[in-house]
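*Asks:* Now for the letters of each chain:
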Amino acid sequence: MMQLLCKTRFRSRALPKLTRLGAVCLTIGMAACTTLAQKPADKQATFFMGRIRYSLNDGNDCGGVGQDLMQLVSRASTLVVQEERKVRLTDPDLYETPFLFMNGHNDFVLTDEEIANLRSYFIHGGFFLASGCCTNPNFPKAWRREFSRLFPDSPVKAIPYEHLIYRSFYKLDRVRCLNEPRDIHLEGLFYEGRLVAVLCEDGLCCSFSANNSCNESKGVSPEDGKKLALNIAIYALTH
Amino acid sequence: MLGGPATFDASWTNSRLEKLLPVTFSGDSDSGPSDHDFHLQLTPAAMQHPVFRLAETGAVQENWSIVPPFQRFGRVDSAKPGAQVWLSHPSEVGPHGPRILMASQPYGAGISAVLCLENLWRWRLAKDSDPQTFDRFWRQLFRWMGNVGRQQVRIDITAQDLRPGQDIEVSLQRQIEPQSILGPNRRFLVQVENSDKHVIQSESVDLADSQQTGFRFHPDRAGSYTLNVRDSEKSLVAARVLEIRDTDVELEHTARSLETLNQWAAVSDGLAFKAEECPQAADLVAQIRKKVQQQVSRIQDTPRRVGLNPWTFTLLLSCLTTEWFLRKRWALI
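Protein chains in written order, with our numbering: chain G, 1 to 239; chain W, 1 to 333.
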């Protein structure tokens, strides 16, 4: 009887330990599996997109916008697309990510280190897409101000409709604004004549990602938004 | 052709594209990614070539050491005869030596090249790399590829059918270019090298401006032959690679279209064989003769059907005529 009790006690003590150990192993195993599952995909990918974390923004505005952009690209091509990675402008990973995406609602300021790193990134051939969320004017205003600091001789300017970016995949003669009687123009930053950064202030990310649910009847229409976003991505891939 | 494993896949094997490229495609392109990073390995030929000089100073190998590592590459099987390998994998070995990462070959009046590296943008984007070297490499490569077709002496092959054992007629024409570095000397040396890089013929020729001059050489066996034209300073001013084959083009890779050949053979009462499996000529002739004899005897043995000859037709016509006369006589008409 004592032996049985001892055994029972042993079991009752051992069981939680084993359970905990099992849980730990399971967690480690799952983490390892996740890493292993991601690693080959990353290695086989040919299109890498980084979502910028900047200032107080953690790169989560309009949550799935990065994934939606990736899906647009993967639907239109045979490219193996890597899942978006969150990067700060001071991260070394920046130089492993040829396409950066940034969006937001609010004003922001880039540090001198971020500006220097971004300048170097552009000189090395990187590409940057920014979108003001929900046609909020604070973000594009800050973007123009901060990005014009990068190359003082080359401020941010509107990209005319003659530019290849409007017809790199879909031919877009003009993009109409839904809530104002005007055409929507992308804005860009040029380095030595090469377009390195593009901004759309009219809720581009809301249109191609959320069907304008957060920006109803404003800015770019969802149909135009998808075409425009894909054009920008294809332009970045081919230049 | 640029790309990684998705580009250099087995689907190109035996295609027209493969014919013009300097490499043969690999059947095991699905062997998965290399798990480790690798640096590019320059071949001795690349070390000597101006395209691969990335800086004005320093050794070529040293210049290339700053190029960041890569992870994936397109697998090709081997370089073709006459092709030049420039870059190779430092550790991975294919069926014919180190895996080729870059190669080129003259094709027609131009040059074709492959660069089997995926995500080449890493080179330019890498934080420690100098974008100027990347741009310089591409500028030099395209300038070199573009200039190959504009050699100072044009080499044309007059014959379409190049076979071993026959004289090959070559036409040489000096190009007039304002920036030509050729001096007033009109004497040139034409050399023919075989696949083993041995000079089989060397001849001095006089090339006047824009006038065609003939040259002839005799390839004893099949293979790749290189015609080099050198000026009086022994500097190479033009080159062209010729592929002399000992099989007829239409008999190449017959296995691929044997189905069609069989159909043609069936229609024309002929025989179809793979070139590789073709028996001795005497056996082949015997088979054809036997087949012809069988056909002749079959025709002779075939019984003629009654009614399908002029006599039957005449008899039938006579019967009908007699019937008509009798009917008329007996007033039945």
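In case anyone wonders, no lab produced these hints; they're calculated from the structure.
Check each hint, because a few of them may be wrong.
Claimed, not checked - Restricting the straight-line Cα-Cα distance to at most 35 Å, the calculated cross-link-like pairs of lysine-lysine (DSBU-like) are:
#1 G:K157 x G:K141
#2 G:K157 x G:K86
#3 W:K290 x G:K86
#4 G:K141 x W:K80
#5 G:K157 x G:K171
#6 W:K127 x G:K157
#7 G:K141 x G:K171
#8 G:K218 x G:K171
#9 W:K290 x W:K274
*Asks:* Against each hint, give a clear statement of whether it holds in the structure.
*Replies:* Quick rundown of the hints versus the structure:
With a C-alpha separation of about 12 Å, the suggested pair K157 of chain G and K141 of chain G falls inside the 35 Å cut-off, and the hint holds. Between the alpha carbons of K157 of chain G and K86 of chain G the distance comes to roughly 27 Å, so the proposed pair stays at or under 35 Å and holds. Pair hint K290 of chain W plus K86 of chain G does not hold up; C-alpha atoms about 78 Å apart against a cutoff of 35 Å. For the suggested pair K141 of chain G and K80 of chain W, the alpha carbons sit about 58 Å apart, so the restraint of at most 35 Å is broken.
Distance restraint check for K157 of chain G and K171 of chain G: the Cα-Cα separation of roughly 21 Å lies within the 35 Å cut-off, and the hinted pair is therefore satisfied. Restraint check for K127 of chain W and K157 of chain G: satisfied, since their Cα atoms lie roughly 27 Å apart, inside the 35 Å limit. The suggested pairing of K141 of chain G with K171 of chain G holds, with an alpha-carbon distance near 28 Å, which does not exceed 35 Å. About 22 Å separates the Cα atoms of K218 of chain G and K171 of chain G, which keeps this hinted pair within 35 Å; it holds.
Between K290 of chain W and K274 of chain W the CA atoms are separated by roughly 20 Å; this keeps the pair inside 35 Å, and the hint holds.
When held up to the earlier numbered hints, the structure conflicts with 3, 4 and fits the remainder.
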